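Make the full structure from the sequences, and use the hints.
One-letter residues, chain by chain:
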Amino acid sequence: MAQPASLDLQRAADGVLQVRLAGDWLLANPLPATAPVLEQIRGATPPTRVEFEAAGLGRWDTALPTALVAIRRAAEAAGVPVSDQQLPPGAQRLLRLAFAVKERADARRALVHRSLAEQIGQASLGIWAALVDLVSFIGICAQSLGRMARGKATYQRSDLLVAIQEAGAESLPIVSLISFLIGMIFAFVGVRQLEQFGAGIYVADLVAVAMVREMAPIMTAIIMAGRTGAAYAAGLGTMKVNEEIDALSSMGVDPIDFLVLPRLVALIVMLPLLALYGSLLGILGGAAVSLVMLDVSFVQYVAQTADSMQLSSLLGGLFKSFVYGSLVALAGCQQGMACGDSAMAVGQATTRAVVMGIVLIIVSAAVLTVIYITLDI
Amino acid sequence: MRGAALGDHITVSRLTMAYGDFLIQKDLDFSVRRGEVFIVMGGSGCGKTTLLKHLIGLKEPVSGDVLYGGRSFWTATDQEREQAKRQFGVLFQGGALWSSMTLAENVALPLRLYTTLADAEVRDITAYKLSLVGLAGFEQYYPSELSGGMRKRAGLARAMALDPEILYFDEPSSGLDPLSARLLDELILELRDSLGTTVVVVSHELASIFAIGDRAVFLDAEAKTQLAVGDPRVLRDSSPDPRVRNFLSRGEADGTA
Numbered sequence: 001m002a003q004p005a006s007l008d009l010q011r012a013a014d015g016v017l018q019v020r021l022a023g024d025w026l027l028a029n030p031l032p033a034t035a036p037v038l039e040q041i042r043g044a045t046p047p048t049r050v051e052f053e054a055a056g057l058g059r060w061d062t063a064l065p066t067a068l069v070a071i072r073r074a075a076e077a078a079g080v081p082v083s084d085q086q087l088p089p090g091a092q093r094l095l096r097l098a099f100a101v102k103e104r105a106d107a108r109r110a111l112v113h114r115s116l117a118e119q120i121g122q123a124s125l126g127i128w129a130a131l132v133d134l135v136s137f138i139g140i141c142a143q144s145l146g147r148m149a150r151g152k153a154t155y156q157r158s159d160l161l162v163a164i165q166e167a168g169a170e171s172l173p174i175v176s177l178i179s180f181l182i183g184m185i186f187a188f189v190g191v192r193q194l195e196q197f198g199a200g201i202y203v204a205d206l207v208a209v210a211m212v213r214e215m216a217p218i219m220t221a222i223i224m225a226g227r228t229g230a231a232y233a234a235g236l237g238t239m240k241v242n243e244e245i246d247a248l249s250s251m252g253v254d255p256i257d258f259l260v261l262p263r264l265v266a267l268i269v270m271l272p273l274l275a276l277y278g279s280l281l282g283i284l285g286g287a288a289v290s291l292v293m294l295d296v297s298f299v300q301y302v303a304q305t306a307d308s309m310q311l312s313s314l315l316g317g318l319f320k321s322f323v324y325g326s327l328v329a330l331a332g333c334q335q336g337m338a339c340g341d342s343a344m345a346v347g348q349a350t351t352r353a354v355v356m357g358i359v360l361i362i363v364s365a366a367v368l369t370v371i372y373i374t375l376d377i
Numbered sequence: 001m002r003g004a005a006l007g008d009h010i011t012v013s014r015l016t017m018a019y020g021d022f023l024i025q026k027d028l029d030f031s032v033r034r035g036e037v038f039i040v041m042g043g044s045g046c047g048k049t050t051l052l053k054h055l056i057g058l059k060e061p062v063s064g065d066v067l068y069g070g071r072s073f074w075t076a077t078d079q080e081r082e083q084a085k086r087q088f089g090v091l092f093q094g095g096a097l098w099s100s101m102t103l104a105e106n107v108a109l110p111l112r113l114y115t116t117l118a119d120a121e122v123r124d125i126t127a128y129k130l131s132l133v134g135l136a137g138f139e140q141y142y143p144s145e146l147s148g149g150m151r152k153r154a155g156l157a158r159a160m161a162l163d164p165e166i167l168y169f170d171e172p173s174s175g176l177d178p179l180s181a182r183l184l185d186e187l188i189l190e191l192r193d194s195l196g197t198t199v200v201v202v203s204h205e206l207a208s209i210f211a212i213g214d215r216a217v218f219l220d221a222e223a224k225t226q227l228a229v230g231d232p233r234v235l236r237d238s239s240p241d242p243r244v245r246n247f248l249s250r251g252e253a254d255g256t257a
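Protein chains in written order, with our numbering: chain A, 1 to 377; chain B, 1 to 257.
If you are wondering where the hints come from, they were derived from the structure by calculation, not from laboratory data. All figures in this text were calculated on a predicted structure; none of them were measured in a lab. One or more of the hints may lead you astray.
As the list claims (entries may be wrong) - Under 7 angstroms between C-beta atoms, here's a sample of chain A residues computed to sit facing chain B:
(1) G58
(2) D61
(3) G90
(4) A98
Glycine included, every Cβ here is placed at the ideal spot set by N, Cα and C.
Structure representation (structure tokens):
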């Protein structure tokens, strides 16, 4: 049966503070507070020295040295000497060990509380800094693309091919599914509305124009932001944490050329192709719905679709997906290369890459649409 | 104070380890006594760290068992095994601190999970454990702000959080300069002496092996089993197996390198 732990204070006439420890000092049991000792030490008339008395001390674990360290730390701060002669030898050694390394004066940090205004200000500055980083990263990548065009960039062709495969062929299943379903959804909406005017066949125009000009580029870009942009940020971020990027730099290889360039080119080349493929699947999805719900034949539907298509719509859509592809790849690579050096930072970089990618897609979509309308494309 | 009672604390019994079909080590048979510093040594790739993973319950043996205080670890139920795991602390090679938490939070997490201590007590204990490893005042630092040696020592503070009976160290001196490595060795001995903790160290640093090891087991990658168990100094001078003498004398025993 454990004896309750106790701590008694006695102030001798010569100013010596006697701390009498007794009972079993075990974490599992309730422990006496050290606060009275600390108050004495920090009080207006601090003791000349602190002495421990441990004759009645039973079993002990971490609980005892924890209390002793707290008392001695306070005593040191107040310049009061502590005598540990009476303590059990094990506790003396632990105490000596705990104070073997002097606390570095500049180590301790105060927790800083920031006001709401300051937090908002810091966040705004953070957004501005992120924009500046992105723009300068675009510049660095443009230089790298220039070196590639002149054949002076150092990268492995196999890396480029793997990146193309990952961004292209391996994305086909999810792009197929989403595009087909988007085409079907458009056709459902269109059929309901246009049938009221007896213009059901124009569903073909609606689906084709919407898919080719807007939906396929945006949907494939968002899919790729979540799929490939995130993979770029996580992959490059982990390489940064493992110092793999430093290893490349130390060999005189520009990590932008070697790591970012293949990824950037792969996504810029593959996204327009994926969008084109997505448009086709969307049109097929629309056709499937129209054939069931409307009284049209497949040939009629195809002819109507072909009629509605203009080269400018197709090129406009392709240009959009080219822009989105660049933005998604840039956001992913930039966040990956700017990643901090811990496991947490990789997660944060990935999150930021996806959020940034999607925001950039939508903002540029809005801007491009206005430009297209103004130019009457 | 925990008595440094003699007797076998950890017993490895006919343990065979493999990754799939790839055999790592077979028929390991040795025991670690209570309160001693036991070294698991051997060349690179011989399965030292794999053995550690079997001892701490991260990897299941193909056959054989590990016994803690005579109780089987691997034939026990999952719940019993989780209980058994609380009696040991592990210092991983790189410290393995959780990077999203400060040092104080790292050390406090096991205390918060497995004890009912009040916040103030947890804070005091955390400060004490960090000062034991020479990191007083670094409570609010994140692991990424520290040097490798400091991270290792913080990992040790976390491993000691629950006052474990057994401390496992995976390559404590790797990545440390000789001076820091020696300080860590001294810290290990000091903790063993004052707390009576059983210490198991995976290492191939000869200086450290001779400085702190009471006994050792030597694993060989080619024989795929243990070649010797005993005091490393005695093994160096008079092991019947030339491979053991060779390793412990840096290849100078038989004039072969």
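Name the hints, by number, that the structure is in violation of.
1
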